[in-house]
Amino acid sequence: MRQRELPAWVGVVPFAAYTLVFLGVPVVAVVLGAFVDPATGGVTMANVGIATSGVYLRGFGSSIGLSLVTALVPGVLGLVLALAVRASPSLRLKRAVATASGVFANFGGVPLAFLFVATLGSTGLVVELVKAVGVDLYGAGFSLYSFWGVAIVYGYFQIPLMVLVITPALDGLRPHWREAADNLGATPVQYWRHVGLPVLAPAVLGCMLLLFGSAFSAYATTSALTSGSLALTPIQIGSFLNGNVLSGQENVGRALGVGMIVVVAVLMALYALLQRRVSRWLR
Amino acid sequence: MAAVITAPPRAPEKRSRRRGGAAWARRLVFVIAGLYFLVPLYAAFRFAISTPDGGISGAVFAGIPAQEGFLDAITLTVRLAVISLVITLVLVVPTAVWVHLRMPRLRRVLEGVTLLPIVVPPVVLIIGVLEVAPPALKGTPDLLALVYVVLALPFAYRALDSGLQAIPLRTLVEASRSLGAGWGRTLVSVVLPNLRSALLAAVVLTVAMVFGEYTMASLDQYETFPVWIVVFQQANARVSVAVSLLALLGTWALLWLISLVDRRRPSPEDA
Numbered sequence: 001m002r003q004r005e006l007p008a009w010v011g012v013v014p015f016a017a018y019t020l021v022f023l024g025v026p027v028v029a030v031v032l033g034a035f036v037d038p039a040t041g042g043v044t045m046a047n048v049g050i051a052t053s054g055v056y057l058r059g060f061g062s063s064i065g066l067s068l069v070t071a072l073v074p075g076v077l078g079l080v081l082a083l084a085v086r087a088s089p090s091l092r093l094k095r096a097v098a099t100a101s102g103v104f105a106n107f108g109g110v111p112l113a114f115l116f117v118a119t120l121g122s123t124g125l126v127v128e129l130v131k132a133v134g135v136d137l138y139g140a141g142f143s144l145y146s147f148w149g150v151a152i153v154y155g156y157f158q159i160p161l162m163v164l165v166i167t168p169a170l171d172g173l174r175p176h177w178r179e180a181a182d183n184l185g186a187t188p189v190q191y192w193r194h195v196g197l198p199v200l201a202p203a204v205l206g207c208m209l210l211l212f213g214s215a216f217s218a219y220a221t222t223s224a225l226t227s228g229s230l231a232l233t234p235i236q237i238g239s240f241l242n243g244n245v246l247s248g249q250e251n252v253g254r255a256l257g258v259g260m261i262v263v264v265a266v267l268m269a270l271y272a273l274l275q276r277r278v279s280r281w282l283r
Numbered sequence: 001m002a003a004v005i006t007a008p009p010r011a012p013e014k015r016s017r018r019r020g021g022a023a024w025a026r027r028l029v030f031v032i033a034g035l036y037f038l039v040p041l042y043a044a045f046r047f048a049i050s051t052p053d054g055g056i057s058g059a060v061f062a063g064i065p066a067q068e069g070f071l072d073a074i075t076l077t078v079r080l081a082v083i084s085l086v087i088t089l090v091l092v093v094p095t096a097v098w099v100h101l102r103m104p105r106l107r108r109v110l111e112g113v114t115l116l117p118i119v120v121p122p123v124v125l126i127i128g129v130l131e132v133a134p135p136a137l138k139g140t141p142d143l144l145a146l147v148y149v150v151l152a153l154p155f156a157y158r159a160l161d162s163g164l165q166a167i168p169l170r171t172l173v174e175a176s177r178s179l180g181a182g183w184g185r186t187l188v189s190v191v192l193p194n195l196r197s198a199l200l201a202a203v204v205l206t207v208a209m210v211f212g213e214y215t216m217a218s219l220d221q222y223e224t225f226p227v228w229i230v231v232f233q234q235a236n237a238r239v240s241v242a243v244s245l246l247a248l249l250g251t252w253a254l255l256w257l258i259s260l261v262d263r264r265r266p267s268p269e270d271a
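Protein chains in written order, with my numbering: chain G, 1 to 283; chain E, 1 to 271.
Just chain E, with the same shape it has in the complex (with noise of 0.2 angstroms):
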């Protein structure tokens, strides 16, 4: 009994000193991950910053747009990207919806179906791919939107999925119904206004994929945005190293967007 009482008031005082061994320790920690991760990044600016006669020099960043097959790849991997966004969402977005209103129970078996592409490398899916699909489609780099659409959909579905276990989809269909609306209707009216931030994230990890996207493009041989900065990095490396750091900060405003959007949209308490 008597050790019960006098313990509390030596705990105190030894869980502060830990606690401020462990505030070094986390500092530490902080201090070699800042630097792993922040290093690289200086280390490419310097590079892409300087001149071949030493001096340092921002023009290149301003003369990307200028170098040669630079517009063609961005062109040919933005239209890649409406491709298999539009298709991912027309197929994703009312599939989502028909599972969790009338068939929750397949929510575990499309959730499977979705990780399959994870499963199947994308090298190993694009020589299956380049083999079966027929020669008129093989001969268009439109072929790889439509295999693009395969590996958005982990991304997509999820983001859908949580989406909707977030909101009462039955309680919002069935009032639409009861009002009169149709499918369409309450789908564009009702469903879809209540998954913009869901939406929004399928949109965004979807076209980052496609602007990220290296091995299938490659190697079905089209300079998509990837593929020319290998390609041109012969040419001149201090180009493809600034393009690989607006590339990077490209990343960081396609995510940030996604948080704020998530941020404004008011929780269901506030409403």
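Just chain G, with the same shape it has in the complex (with noise of 0.2 angstroms):
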């Protein structure tokens, strides 16, 4: 070489200062927000006090209650989908499933919403179809405004990344097991109980994680879609941004903010201790 070398890290310096400064200090100036006293300017745990309590508590339960029950529920149904469709011999059926799984898993937020007022809405197509029938599901309590609603929307960009990021793992199930176990004459149910869930199940859980963090910071839809009637813990954070503030409590969104790091980290490694289990098997 005839130019003089660089040391290697030089090249990774512009990257490392941009994230520095647009994620790395706000992150610490929210931190260390939490933990500030916004009349005397001194260190206090009470922003933290409140952001665990009360209404802000019942905050963190709906939105970890809301995100496991939309990781749960449509991480099972998107295993029994992509499984499914591994079985189908159709090309075209994989084909179509794959770009329509990139497509709604990627079409969250705003639009989402209006796609299902118009569906479950109180005036929406599928409500009053189902009272032409003579069942009046707001009268039943449904509301699409509910947490209810609002986990059978989330269900709808859910179930597709759920396709989406399971379907590499299904491909750790060698069909030589499944002739196998047909061959010692196991059951379907067999072969599943003992060899294929426990395969899949490290990938399963970790995919289940990943969608546990993408319904937790999910803001949007629940934000036009409620406009901020339903009290998770973003839409709670965003009216802190909005002004809606008691005189003292500044900095409890940042608090509150802080509680969402916490639990999307301890997600974050679960999921990459789970990943390494997973390369295990599929190498």
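Any given hint might turn out to be false.
[Stated by the list, open to error] A short, non-exhaustive set of chain G residues, derived as facing chain E with CB atoms under 8 angstroms: (1) Gly124; (2) Ala224; (3) Arg254.
[Said to hold, decoys possible] Non-contacting residues of chain G with respect to chain E, defined by C-beta distances greater than 10 angstroms in every case (computed): (4) Phe15; (5) Gly41; (6) Met45; (7) Ile50; (8) Val55; (9) Arg92; (10) Val133.
[As the list claims (entries may be wrong)] Here chain G is said to cover these stretches of chain E; the calculated rule only asks that three of the stretch's residues, wherever they fall, bring their Cβ under 8 angstroms from a Cβ of chain G: (11) 57-70; (12) 107-119.
Worth flagging that the hints you see were computed from the coordinates, not collected in a lab. Every residue gets a Cβ at the ideal spot worked out from N, C-alpha and C, and that includes glycine.
Join the two chains, each given in its own frame, into one complex according to the hints.
Quick look at the structure:
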């Protein structure tokens, strides 16, 4: 080499610097702010105390509950769909599902909320259809703008996300295991109980963690759908930025933010551990 | 021994019956999934084309560009998309190439760093950004574009990383360098053309992200495309639903574009 060589680390400096400025610094500001008393500027645990009690504690409860429900149910449904697609002989179907999953998994947020207002809103198509048959969904206590309503909407991007992330892991199921089980006289139930599910379990769990994280930080769909009436943690944090704050509680939003980061960080650590186990099988 | 010999003839019959049941179960799964995903699309379409007096008209779609604020929202969103796209590519492409060539051990670390924006929910990040941003930046929507770069990093880096994995990068670079090309020329005329589909994926995912991002834009109070949909709903919900449908079609078209380019690219065996 005629040119003088730069030390290798120089190449990553711009990237590292940008990430530090636009991700590192803001996060540190939030974390520090969570422990500052807005009146005196001194260090306090009061924000964290408020953020982990009363309406905010219930917010974390609903957020975690919603994320659990929309990780488990769409997780299982997505797995079933992915298995059905894998078993199907039609190549066209496989390709169609793969493309559709990509589209729907990327299609969250605001437009999704409006699709469902037209479907399951108080005058939505399905609600009117069911009413014509004599069942009054809203009279029976259902509402699109409640916990379960939002959960149904989340399935619209969670199920395709599950299909996308679990499909590569399904290749870990070697066809000759199925053949071996068949030849040894195993029923399908026995095959899944003793071979299929144990092999898939770490991957399925890992993907469900990913789904949990995706539901937990989702803001747009719920915000557009309920205009803030469903008390989830991201919505509560958003209302701090919109200026709906009691004086003296300005930093509670930051403490809530730290709480969210902690929850997601724990999940990501679990996910990384599971990935290590999964890759052992896929090798 | 006898059992082993007699077992095989029975197996195919048993299996075909079982497979027949499985095919029905599969069909049921597809029908239910199809209903869940298609009914909302149909409902939204019906809602958008039905007029207040009970008739049906597609005029709502044609009228979208003329709606108040729509063009402004699109212009703003395009501007943010262009800014964040340029910064993302300038930042991620050389870094990913450099790491693959000079510091392969750092790949793991970088992968971890690009995951961080997922750990920090956007609603939390925007609090911090609005707190530390200098007033000059806070007064302009371009601040959003600068932060969108961080959100785009995971998609863009992952797309490029797998693209780089798939080509013999070191050989290409060494060949180009030994023929006398400088680093810049090597990057532009040798490496980038080989990364076409990875680059396209990074571009499309970044643009789609900017066009869908609602959390930060609404909390920073700028009327980007998704924010406009929500605001405009109060004036005319039919228009908002129609635009939402078009947004879905747009996502579909973009992803279809990626798969098209991906498929056209010859595999190494064909070459």
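Legend entry - Unmet hints by their number, sorted upward, for this structure: When the structure is compared with the hints, numbers 4 and 11 turn out to be violated.
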